[in-house]
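Engineer: Chains as they are written, first to last, in my numbering: chain P, 1 to 747; chain S, 1 to 112.
Quick caveat, the hints were computed from the structure, so don't treat them as lab data.
Every residue gets a Cβ at the ideal spot worked out from N, C-alpha and C, and that includes glycine.
One thing to keep in mind: the hints can contain errors.
[Stated by the list, open to error] Straight-line C-alpha distance at most 30 angstroms; calculated DSBU-like pairs for lysine-lysine:
| # | chain 1 | residue 1 | chain 2 | residue 2 |
| --- | --- | --- | --- | --- |
| 1 | S | Lys74 | P | Lys40 |
| 2 | S | Lys74 | P | Lys635 |
| 3 | S | Lys74 | P | Lys33 |
| 4 | P | Lys218 | S | Lys3 |
| 5 | P | Lys79 | P | Lys111 |
| 6 | S | Lys97 | P | Lys33 |
| 7 | P | Lys218 | S | Lys37 |
| 8 | S | Lys105 | P | Lys222 |
| 9 | S | Lys33 | P | Lys40 |
| 10 | S | Lys105 | P | Lys305 |
| 11 | P | Lys676 | S | Lys33 |
| 12 | P | Lys54 | P | Lys6 |
[To be verified] What follows is a set of in silico ranges between Cβ atoms, one per label pair, in the way DEER data are often shown:
| # | chain 1 | residue 1 | chain 2 | residue 2 | range |
| --- | --- | --- | --- | --- | --- |
| 13 | S | Ser71 | P | Thr554 | 39 to 47 angstroms |
| 14 | S | Glu67 | P | Arg370 | 56 to 64 angstroms |
| 15 | P | Lys441 | S | Lys33 | 41 to 49 angstroms |
| 16 | S | Glu67 | P | Lys741 | 43 to 51 angstroms |
| 17 | P | Glu379 | S | Phe44 | 40 to 48 angstroms |
[Stated by the list, open to error] Residues of chain S clear of chain P, computed beta-carbon distances all greater than 10 angstroms:
| # | residue |
| --- | --- |
| 18 | Arg24 |
| 19 | Leu27 |
| 20 | Glu67 |
| 21 | Phe92 |
| 22 | Arg98 |
| 23 | Ala99 |
| 24 | Val106 |
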Amino acid sequence: MKEEWKWGTEDDYWVRTCAWSAPGCHPVGCGLKLHVVNNKLVGVEGDEEHPVTKGRLCVRCLTLPEYVNHPQRITHPLKRVGERGENKWAPISWDEAFDTIAEKSKELQAKYGQDTVMVIQGTGRNAAMYACPLAFGIFKSSTTLMGISGYSCYGPRCAIAEFVFGTGYPELDFASYFPDSYDHPGYEVPKYIIVWGKMPLTSNGDGFFGHSLIDMMKRGSKIVTIDPRITWLGAHADTAIRLRPGTDAALALAMLNVIISEDLYDHDFVENWTYGFDEFKERCAEYPPSEVAKICEIPEEQIYKVAREFATNKPSSLMWGLTFDQTTTGGQAGHAALAMLAICGYVDVPGGVTIGQPSSFLGKWRVDTRSNLAPGQFENRIGAKRFPAAGKSQWVCNPDITLECLETDDPIKIRMAFIQSTNIISPTNNVQPQRWYAGLKKMEFTVVSDLFMTPTAVAFADIFLPVATFAEMDGVVLPHYGRNPFFIGAINKAVDNPGVKSDLEIDLGLAKRLNPEAWPYKDAQDFYDKQLRASYDFGFDDLRKMGVYQGGYTYGKYAKGMLRGDGLPGFNTPSTKIELSSLLFPVWGEDPLPYYHEPYYSKYSHPELAEEYPLVLTTGGRKYTSFHSEHRQIKSLREIDPVAKVTINPVDAEKYGIKNGDWVTIENWLGKCQMKAWVTPTIKEGVVHCEHGWWYPEEDPTEPNLSGVWKSNVNMLLPHFCVGKLGFGSIYKEMMCKIYKAQGLDG
Amino acid sequence: MSKKALLINYEYCTGSHSFEIACRNELGIGLGKWGIKMLEVPPFQIDDDTWNWDNAPILTSLCDMCEERQSQGKDPACVHHCLANCIEYGTFAEMAKRADEITGKVYVISNQ
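Model the full assembly from the supplied sequences, consistent with the hints where possible.
Structural biologist: Quick look at the structure:
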C-alpha cells in the first residue's frame, strides 16, 4: 500500500482507513478511502490497495456518510432531566459527564464494595477490546459481562479451541496473512470448505471477510453448507445438508465415524499429534450414519458423501459458526468439528485452518489490567466458581447467574451499570430481555454509551455518552480480536467531531479521574503507539503509513516448537497434543469425549409441548443491511429490509393459512412477537427462522413503547439458563413455537 | 464510438446490494431511484441436490456507465465495490467476447 494516508487540500481531502465499528461490525478491517469536504464526510470509496478487501465494500460501509451525518446522532453528552423512560435530556460537557460518573461510582463503591459497579459490553464493536480493562483497570470491579446466555457468542468456540487445540481461533486459511494473497507461494485453496452453522457472506464473522469464499469458489473450492436453511451459499454448494436445528454434534460424530471406520484419516498426524484416539474412535462408533440421519432428519447418503469428500481431498477446511455457541450440545459439536480437522491433517497447513498464536498485540495489557483488582476478587466474580471452565477461559461474569443476581440481589446487589455499546433489551443478545429490563430498572445509576438514542438508553440511562464512528477516531483493528490476527490495520480519524469520543477515549477520560496509574496514556494515539511498540518494532504513525501490517504466517508451527511456552514441539495442552479426548473436561465434570443429546426443548425432549408448539424456532441469521440491532435508522438500508422477517416453508405456511408478506405472530409459553412472512422452500419444513435485532426508531421512543422494542422481540421467546455442564451452550437456534396470522406489527 | 456495456457473471452475484448503493452514491440520487437494481429469481429446488437462486443486476436509464469515473481512469462504482467481483466493463463487443470465455451464468448488458 502507498505511504500516503491523507491527501488533498485543507478543506477537501481523502483519508485512508480500515473499518471497525462503530457502526457495528466485526473486526474485518475493510479498506476505505473517506472523502471529507469542510470537515464533513461526503463520500466513501473502497480501497483497491487493501490486501484482503481489494476495493470491495458492503452496504453498511457504502452508507457510512448517511450514518455519520444522521440528524438523530447524539453529538454531545446528555444527562437525564425527566423520569427514566420519558426521553428528556439536557446537554452537559464531557467534564461534567466524567466527573458525575466518577463521583457516583466512588460513592456507591465506598458504601457497597467495588463489585457493585457493572460494565456490560456488546458484541463486535471495538469497545469489546476495552470492556474488561474498563471494569478491572478503572472501576476496579470484577462485575463485567456480555449479557448473553451461555456466553454464547464466540467465547465458547474460543474456549473449546483453547482446551482442545491449545490455540487461538482456528480459521479457514484464506491467505489473508500474505500481501500476495492467494498467489502466495505454497498456498493453495481448500478443495472442500464445510461452512457449518454460519453465513460468512453476510456476517463476516469475527474478522473473516465473507466474500473471500467467492474468491476461493472461483479458484476451485467446493462448498458444503450445514444449516437448516438453504442460504445463497447453500444454493451454490456442492452439497447442502439441511439438518434439524441443534443436531450438529450427532452429525459431526457420524461423519467422524465414517472417516475413521473407512480408514480415511491421516495416520501420521493422529499418531504423532493427537491424544486419546482409541477412546475417541469408540465414541464415534456409537453414532452410525443410519441412526444419525434419523436424528438430523437428513438423507443418510449425505453423511457418507461429505465425510469421504472432506477426508480424501487434501487440503480441505471447515468454518464453524455461531451455531456451535447457541445450541445445547454445541460445545460437543465444536470439539468434534475440530477433531475432524485434526484427524484429516488440516490443522496449520496451507488451505486448511490457520491457528492463532497463544498471545498477541494488546493481549498482555488486557491481562495485566486484572492486577488492579484486590486478591481473590477476580476469582470470586459472579459465576466463576460454579462454572470453572468458563471461569478459566472467559474473564467475564457468568451471564445467566448475573441475571439472577440482578433479580435477587444475591450474591451481591449491583447498583450501577455502565452499558457500553449494547442495546441490551433489543432482541440481539440476551434471552429473556424482559427480565433484564426489570433487573436494570433497579439500578441507582446507569450510564449508556452509544451513537443513537436507543430503547436501552431511554429506559435506563442517567448519563448518555455519545460514541464516535470509525470515521471520527484514531484506532487499530485486529481481526479475531487478536485470536487469529491476519493483519493489524490503522483506523485514521477523517472528521473532527469534538462532541463525540471513541470508546477508548471515553475510557481514558474516566481513567484520568479514577485510576490514572493503570492507564498512563495521553490520548488514543499515545495508547496505540505504546501498545504497538510493546509487540513490534513500529509505532502508530508507522502503521498509518503501512495501512495494514501483515506479519506473514508459518505453517506447521506445532512441529517447530512455536506453540508452547517451553519451545518444545507440540500443542499448548496438558497432553501437549490435540486432545480428541480432553484431559481438562473431566476435571470440570464434563465427558472427555464429544456426545450428542437432544436440545433442551424439542419434540423429542418435550413431546408434551410439541402438540401446542410444533415448530422449531431458530434465530440469528444475518442480513447485509444491519449489524445486530444497529442501522435501523438508515433509510437506504431500511428501503432494502424494512421490517423483521420470519422465514417459513410453504408446507407450514399453507398449514397455518399464511401467505408470503403476511404479518405473523410467533408465540410460545414465554412470549410472542410479530414479523412479516417470507414463505420460501429454502427453510427446512417444520422450522421457522426469526430475524433478530429489530426495533423501530421511527416509533414513539418513550415508555412503554420504547421504539417498538418489544414488538419483533424474538428473544422474549427464548428461555434462560439452558446451558451445558461447562456453562456454555444455549437455545437460540433450537426453541419451540407456533405461528399464526396477525393483523400487523402490533399483533 | 463503441457501445459500452457491463458483463455480469451472475453465477456469483450474491445479492449484496453493494452495486445499488455504490451507484446511488456516484449518481447522487435518493431513495426510490436506481442506476442499477437487483432483480431476483426466488430460490427453488430443481432436484434433491440442486437449487437455483439467481440475482440479476439490471441497468436503468440513469446509468451513464460512470463516464466521469472512467474519464479519471477509475472503474465504474458498481464494478469497483462488487463484493463478489462479478461485474466487468468495456465495450459491448469486448464483453461479448469475454462472456463467451466464461463458463456458467453470464450476460452482457447495456443501456446505450
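Engineer: Are the hints correct? Go through all of them and say.
Structural biologist: Here is what the structure says about each hint:
1. The straight-line distance between the Cα atoms of Lys74 of chain S and Lys40 of chain P is roughly 24 angstroms, inside the 30 angstroms bound, and the hint therefore holds.
2. Straight-line distance between C-alpha atoms of Lys74 of chain S and Lys635 of chain P comes to about 28 angstroms, which keeps the hinted pair within the 30 angstroms bound.
3. Distance hint between Lys74 of chain S and Lys33 of chain P is fulfilled; the C-alpha atoms sit about 14 angstroms from each other, no more than 30 angstroms.
4. About 29 angstroms separates the Cα atoms of Lys218 of chain P and Lys3 of chain S, which keeps this hinted pair within 30 angstroms; it holds.
5. Annotation: proposed proximity of Lys79 of chain P to Lys111 of chain P holds, straight-line Cα distance about 24 angstroms (limit 30 angstroms).
6. With a C-alpha separation of about 33 angstroms, the suggested pair Lys97 of chain S and Lys33 of chain P falls outside the 30 angstroms cut-off, and the hint is violated.
7. For the given pair, Lys218 of chain P sits about 24 angstroms from Lys37 of chain S by alpha-carbon distance, which is consistent with the 30 angstroms threshold.
8. Proximity of Lys105 of chain S to Lys222 of chain P is assessed by CA-CA distance (about 17 angstroms); at most 30 angstroms being required, the pair is judged to hold.
9. With a CA separation close to 24 angstroms, the supplied pair Lys33 of chain S and Lys40 of chain P stays within the 30 angstroms bound.
10. The hinted pair formed by Lys105 of chain S and Lys305 of chain P meets the criterion: a straight-line CA distance of about 26 angstroms does not exceed 30 angstroms.
11. Our distance criterion of 30 angstroms between C-alpha atoms is met by Lys676 of chain P and Lys33 of chain S, whose separation comes to about 24 angstroms.
12. Annotation: proposed proximity of Lys54 of chain P to Lys6 of chain P holds, straight-line Cα distance about 18 angstroms (limit 30 angstroms).
13. At roughly 46 angstroms, the beta-carbon separation of Ser71 of chain S and Thr554 of chain P lies within the given 39 to 47 angstroms, and the hint holds.
14. In this structure the supplied range 56 to 64 angstroms holds for Glu67 of chain S paired with Arg370 of chain P, their Cβ-Cβ distance being about 59 angstroms.
15. For Lys441 of chain P and Lys33 of chain S, the Cβ-Cβ distance of about 45 angstroms falls inside the hinted range of 41 to 49 angstroms, so the restraint holds.
16. For Glu67 of chain S and Lys741 of chain P, the Cβ-Cβ distance of about 50 angstroms falls inside the hinted range of 43 to 51 angstroms, so the restraint holds.
17. Look at Glu379 of chain P against Phe44 of chain S: about 56 angstroms separates their beta carbons, and that is not inside 40 to 48 angstroms.
18. The non-interface label for Arg24 of chain S is inconsistent with chain P: the shortest C-beta to C-beta separation is roughly 7 angstroms, within 10 angstroms.
19. Distance check on Leu27 of chain S: its Cβ is at least 12 angstroms (rounded) from any Cβ of chain P, clearing the 10 angstroms threshold; non-interface status holds.
20. No Cβ of chain P comes within 10 angstroms of the Cβ of Glu67 of chain S; the nearest lies about 17 angstroms off, and the non-interface call holds.
21. Every beta carbon of chain P lies more than 10 angstroms from that of Phe92 of chain S, the smallest distance being close to 24 angstroms; the non-interface claim holds.
22. Non-interface call for Arg98 of chain S relative to chain P: holds, since the shortest CB-CB distance, roughly 15 angstroms, exceeds 10 angstroms.
23. With a minimum CB-CB distance of about 16 angstroms to chain P, Ala99 of chain S clears the 10 angstroms threshold, and the non-interface call stands.
24. Residue placement check: Val106 of chain S keeps its beta carbon more than 10 angstroms from all beta carbons of chain P (closest about 13 angstroms).
Hints 6, 17, 18 from the list above are not met by this structure, while the remaining hints are.
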